[in-house]
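Colleague: Using the sequences and the accompanying hints, generate a full structural model.
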Amino acid sequence: MHNVEKKAREPLFHVAKRDRIPLWQSLLIRVVAVLFALLLCTLLAYVLIGPKATPGKFLTQLFEGSFGTERRLWIFGRDTAMLLCLALALTPAFRMRFWNLGADGQALVGALASVYCMFFLGGKLPNGILLLLSLCASILAGAVWALLPAIFKALWGTNESLFTLMMNYIATNLVIFSITKWFYPGKDSMKEMAHGHLPQVYNQHLLVILIVLVLTALMYLYLYRTKHGYEIAVVGESENTARYIGIHVGKVTLRTLILSGAICGLMGFLQVSAFDHSVTAQTIGGLGFTAIMVSWLAKFNPLIMIGTAALISFLDLGGEQISTAFNVNSAIPSIVIGIILFFIIGCEFFINYKIKFRTAPKTKGGAAK
Amino acid sequence: MQKAVALEMKKVSKYFGELAANRDVDLTVYKGEILAVLGENGCGKTTLMNMIAGIYFPDAGQILVDGHEVVIRSPKDAFRHKIGMIHQHFKLVDLFTAAENVVLGIKGEGAYRKKEIGRRVQELADRYGFHLDPQKKIYEMSVSEKQTVEIIKVLYRGADILILDEPTAVLTPQETEKLFAVLRRMRDDGKSILIITHKLHEVLSVSDRVAVLRKGEHIATVETATTSAEELTEMMVGKKVELNIARPEPKNIRDRLEIRGLSMTNAEGIKVLDDVSFTARSGEILGIAGIAGSGQKELLEAIAGLHHLQEGGITYYNPKKDKPITFYHKTFERVMELANEGMLRYADGRDFTGKDGNGKALSKKTIRAQVEAGEVFFKEDEVINLREKTPLQIRELGVRLSFVPEDRLGMGLVGNMDLVDNMMLRSYRRGHSLFVDRKKPRDLAEKIIHDLEVATPNSHTPVRRLSGGNVQKVLVGREISASPTVLMAAYPVRGLDINSSYTIYNLLTEQKESGVAVIFVGEDLDVLVELCDRILVVCGGRVTGVVDGRHTTKEEIGVLMTAHGQAPDTETKEEVEKHA
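Taken in order, these protein sequences are the chains called A and B.
Numbering-wise, the first sequence is residues 626 to 994 according to our numbering.
Numbering-wise, the second sequence is residues 2 to 581 according to our numbering.
Don't read these hints as lab results, they were simulated from the structure.
Check each hint, because a few of them may be wrong.
[To be verified] Listed below are several chain B residues computed to face chain A (Cβ distance under 8 angstroms; list not exhaustive):
1. 298
2. 396
3. 417
4. 419
5. 436
Quick caveat, the model's predicted, so the values are computed rather than measured.
Note that CB positions come from ideal geometry on N, CA and C, so glycine has one too.
Modeller: Below, the structure written as structure tokens:
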């Protein structure tokens, strides 16, 4: 027994929770994390790609992806806007602790609904009315897609993550079915449609970007200033409190998910009417999952989400640019994106906790006697 | 002291963030003594003990066992040094027997020989005078039996230093006495007992010495025989405290809330309330006593409309006779309902039925105008059935029912929201605007901070950052601000320091004097007996008696608290007393 006792010593370090951290310190930690990540990325790129990828060139290409030309800048703006739109859609549900993992599917059925309208009614109605009709159809489709899991959750307490996730697959297959059955029988892709194009302001991107920015401001007001937003926050923090003050939890759940799905549907409409003019199973392309991260990183604050959405889009485009510029496969950009996100998310640990190292070395035995 | 030192702590400190839970604490424990560790909630008693038991690791300082410096990093290390802790929340496997729980986690030979283990467990129990059947399953046991298993678990592992964290919180007075007898026997056997508590009379009755902590620091260790409750309180609080609770005679008593034959099962299908009946009266504090988990929580929640009832009625008598009806407390629909029931009249005595003299229905606008001008009065006190009403419906019926739930941050307040947003919980629905109005809640928050002396940086601090006492002041303050006619409070002083506790008692008494029917669920019998006008005792979801707070004793209530399933007749009473 005494042997064990002698061997025991204070651990090298232990972790303690921080009480609160000043804003500048938390920002500093984040900046340091990003710098570390970039440093590691450049080193890694040098090793993996070879001497042509000097740190300077590597970083230049990373930035070129988003800011290299005016066209790239617009694409950066568009990508950010679309991602932000889905993140905004998820946010009310997330603030209520309803883990909606089905933004992809909800946006996809929204896109599909628009395509149905445009495909079958295009040319038969004035463009303005066609667009309005498509918009309503998309919003309705998205809302229904989100409402189904919400009803099951509110009434029978089913797990919403699994349910919303499954709805994605149904949406994907519904699109494939629609294309082969109705749009281009026997084929698995469709041509661009001539009708139902969203009017262009300056170029095809600006109007969409403006719409999403207005939506961001509205969502911020909704969540922080309205009674609905307040109810969402209470339900999310504690269902018991909600019941205690007489909030009908089921009702709030349904209402919020209708909103969440409707905005996803809107995103699908924008994607089709402004850019794609067609639909495939890849129209949303996993953006609904990336949006989860955008929302989380911003701690569910719509205004901060502008920044996080821009960051993710920047990394995506920068990665693509690297893979073209250095003529490497897409694995290396993925690694780069992975490393940077790892550092950004990982540094949250240092914001919430601090590490205490062992102080003075101790003398053993009953020396104090 | 000639006694040998069992354990010594030297300049031990522990920090949580910036907060010092313990700072430079020196503590000596001798062999064969009961040392009470006394202090208010949040003074660092439990943290200090957790460091001895290996739950936390000290940030600074040394711990010596039998004169050797030791490093305790886990409960396993603690057992190696013959230290064992009995936690407030039991850590037992419900489906196992007592003996199985005792050997759970012990590696080595013989750990699975049931008979042998049973015999040794029985031996330990007999040695110190526990009543325990080693083959009984945990789920069949009472709270005090479970505690016994926890203690034997620690003894079985050979502990010589036992730490008990608030062991009496869940026990009746009689069970407490039994536990103390066992502890004394263990002391005489040479064990060191550390008992964490904040109840003074227990300290005085069981301990040999008392170590007093205040705000994480060790104030003094004194011989129990040479000290008094007053002196200890002064050391705990840091200043002299009046330990008296005022109890003015109730005035204008009227029935306010009548509960008849209430029965309810919980989500697991267990009957938690069984035929509960009582009446709460205005101008009175009705105490509810009982062992923790006897249905107190469910009872209050049922009244507040949070549960579905199997049987029974809840009737509310609204003292509205000859008072004007207002839209402040009633919806338009409710006014029309009352009009149709013939409950309303005009000032001159004519019935208000929502129709004019010729039997023609008045327009909505006219009715609104008349009500708002205060021309419509109640004929009689309004009788409202609260059965199967949701909290929202209860409010819409104009019943001013305030409820301070047991779970403050999980039900009464939202921990991550600031004071202002927490103030709005009850009132945010007011008005037709889509947006919330934060001005009034902000004023209310400022008022409560000022009136109740809430220690907070400002009204935009999340309430979870406040200390327990301040959290409770915020909650009680909000509930009282709604000027209730019924105020229900479940364990409102749990975890509060002495000063905050007395603030809360005074607030309750103030409410009573202003004519509110106060229902107070408490755990400290001394307080219940001093504060309440009547005390309702519950046991296993049944009412076992209602006693007059002015003429009862702790012992009488203690007997009722354990009178399982039956009305208290004299026979059982005597029987239990004989045992005790």
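Colleague: Does each hint hold? Answer for all of them.
Modeller: Hints, one by one, checked against the model:
{"no.": "1", "hint": "298", "in the structure": "violated, 12 angstroms"}
{"no.": "2", "hint": "396", "in the structure": "holds, 6 angstroms"}
{"no.": "3", "hint": "417", "in the structure": "holds, 6 angstroms"}
{"no.": "4", "hint": "419", "in the structure": "violated, 11 angstroms"}
{"no.": "5", "hint": "436", "in the structure": "holds, 5 angstroms"}
Against the hints set out earlier in the document, violations occur for numbers 1 and 4.
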